[in-house]
Amino acid sequence: MASSDVARQPDQGVRPLSLAGHVGFDSLPDQLVNKSICQGFCFNILCIGETGIGKSTLMDTLFNTNFENFESSHFEPQVKLRAQTYDLQESNVRLRLTVVNTVGFGDQMNKQESYQPVVDYIDRQFESYLQEELKIKRSLHNYHDSRVHACLYFISPSGHSLKSLDLVNIIPVIAKADTISKSELHKFKIKIMSELVSNGVQIYQFPLDDETVAKVNTTMNGHLPFAVVGSTEEVSVGNKMVKARQYPWGVVQVENENHCDFVKLREMLICVNMEDLREQTHTRHYELYRRCKLEEMGFKDTGPECKPVSLQQTYEAKRQEFLVELQKREDEVRQMFVQRVKEKESELKDAERELQSRFEQLKHLHANEKAALEEKKRLLDDDQSSFSKRRAAAQLLQAQSLTANGKKDKDRKNYVGLSYVMNVTVKAPADCAAAHGWLALDYRHYTTVPYRYTEQVVCLSVTLFWLHVKYPPV
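First residue of the sequence shown? That's 1 in full-length UniProt numbering, and the numbers climb one at a time after it.
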């Protein structure tokens, strides 16, 4: 049967065959081991717990080293995640370890939103890996995988319930287990597991499918959550130095299984199930995230008739849907543009009519002001013409006066003396005849003499006029 026919019939049984001799593919495990050792491994741990609960100390104790730790304040306004990556080596195995610490977790008054930054960080790591996976030119063999493989959730001995995080492998840990008695610790473990079940929180269960570790994993699943004590200080116990905590009432040994579950945690997390944690992260949590994201993008494995749909068909359908949506948006934008143009034209026409009305008002006002100015100009021209005529007449009169004054200068002194004599001596009617005789001869002439020449001329004119009125001629 052809290979294509075999591919179209996946339910057909596969026939086993025996080998006549040695082939060599039994060395594949060794090849995988050598290749993995050359490439190295990566492991990422997320530590969730309140500030000062002992997360950094437990990490130092787990990996028997001193990581770079930063003191955290209890007054952080919000939760921050700090990731630090280290290169470790044990024998010829290299491990790139990333420890993610939650700074300020549980320190806020409102603890309901403390989990959101953690969820956002986990999603970002999944999204980063997905984007690298969807690239045309991928380099996953050199890509630094930052997805969280294990989440150690530190529970205070005072007791707080967990919140469901289905994105990572949660391993609950009771921190500072040396602060409560063994009986209280046993009751506290039962209470925590009961709350986890009632609240639907799924924690990581050590796998039982591998027969080599099924028995020990079954036993360790019964010890969850682990009650641990961390310490990097060494205390002399008997004839050897051990990691422990020294108290006035005694010594709590970190690696003594009768004192705490630190050894169980280290064996299950690092020695036995580290690779399973990595595999569970990729095959379960990441696949769930990837499936949801691809479904949001419109990709499906089967069509409406439950038939397999290829990636090309999904792409074409999505592309056609996008083009239809794009055309719809273009029509909406075009209609919106036309509507806005009409509205703008209406506004401009209203503004134009308003400006035209204003222009007419200003034009009418300008015409009125122009007419008023022309009227004032006409009146000014009339006044100027009248003034010119009066000035010409005055100049003519002045010229005549100057001509007449040349003849009167000789008799000026006599007239002045006569005025003085007559003003003083004329007192009786007898003298009036002589005065009237003089006045009759010279009144017309001397009244034309300007008063400004001398006081005597003015006095003479007044005196003669008075005599003429008081003593009129008979």
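No lab work stands behind these hints, which were simulated from the structure alone. Mixed in with the good hints there might be a few duds.
Capping the alpha-carbon separation at 25 Å, the derived lysine-lysine pairs in BS3-like fashion look like this [to be verified]:
no. : residue 1 : residue 2
1   : K137      : K318
2   : K240      : K137
3   : K307      : K318
4   : K318      : K135
5   : K363      : K377
6   : K215      : K264
7   : K35       : K191
8   : K243      : K137
9   : K318      : K293
10  : K307      : K182
11  : K215      : K240
12  : K264      : K187
13  : K243      : K215
14  : K389      : K377
15  : K344      : K318
16  : K318      : K328
17  : K135      : K293
18  : K293      : K191
19  : K182      : K135
20  : K328      : K307
Hints, verified against the model:
1. For the hint linking K137 to K318, the alpha-carbon distance of about 23 Å falls within 25 Å, and the restraint holds.
2. The straight-line distance between the Cα atoms of K240 and K137 is roughly 56 Å, outside the 25 Å bound, and the hint therefore fails.
3. Using a Cα cut-off of 25 Å, the hinted pair K307 and K318 holds, with the two alpha carbons roughly 17 Å apart.
4. Between K318 and K135, the direct Cα distance comes to roughly 19 Å. Compliance with the 25 Å bound is thereby established for this hinted pair.
5. With a C-alpha separation of about 21 Å, the suggested pair K363 and K377 falls inside the 25 Å cut-off, and the hint holds.
6. For the hint linking K215 to K264, the alpha-carbon distance of about 14 Å falls within 25 Å, and the restraint holds.
7. A distance of roughly 45 Å separates the Cα atoms of K35 and K191; the hinted pair therefore is violated under the 25 Å criterion.
8. With a CA separation close to 49 Å, the supplied pair K243 and K137 exceeds the 25 Å bound.
9. Between K318 and K293 the CA atoms are separated by roughly 15 Å; this keeps the pair inside 25 Å, and the hint holds.
10. For the hint pairing K307 with K182, the CA-to-CA distance comes to about 59 Å; that exceeds 25 Å, so the pair is violated.
11. Of the pairs offered as hints, the one joining K215 and K240 is violated, with about 32 Å between alpha carbons and a cut-off of 25 Å exceeded.
12. Straight-line distance between C-alpha atoms of K264 and K187 comes to about 19 Å, which keeps the hinted pair within the 25 Å bound.
13. Restraint check for K243 and K215: not satisfied, since their Cα atoms lie roughly 29 Å apart, outside the 25 Å limit.
14. With a C-alpha separation of about 18 Å, the suggested pair K389 and K377 falls inside the 25 Å cut-off, and the hint holds.
15. For the hint pairing K344 with K318, the CA-to-CA distance comes to about 38 Å; that exceeds 25 Å, so the pair is violated.
16. Distance check on the hinted pair: K318 and K328 sit about 15 Å apart at the alpha-carbon level, within 25 Å; holds.
17. Proposed proximity of K135 and K293 is supported: the alpha carbons are some 15 Å apart, at most 25 Å.
18. The hinted pair formed by K293 and K191 fails the criterion: a straight-line CA distance of about 37 Å is larger than 25 Å.
19. As the CA atoms of K182 and K135 are separated by approximately 54 Å, the hinted pair breaks the 25 Å bound.
20. The hinted pair formed by K328 and K307 fails the criterion: a straight-line CA distance of about 30 Å is larger than 25 Å.
Comparing the model with each earlier hint shows violations of hints 2, 7, 8, 10, 11, 13, 15, 18, 19 and 20; every other hint is respected.
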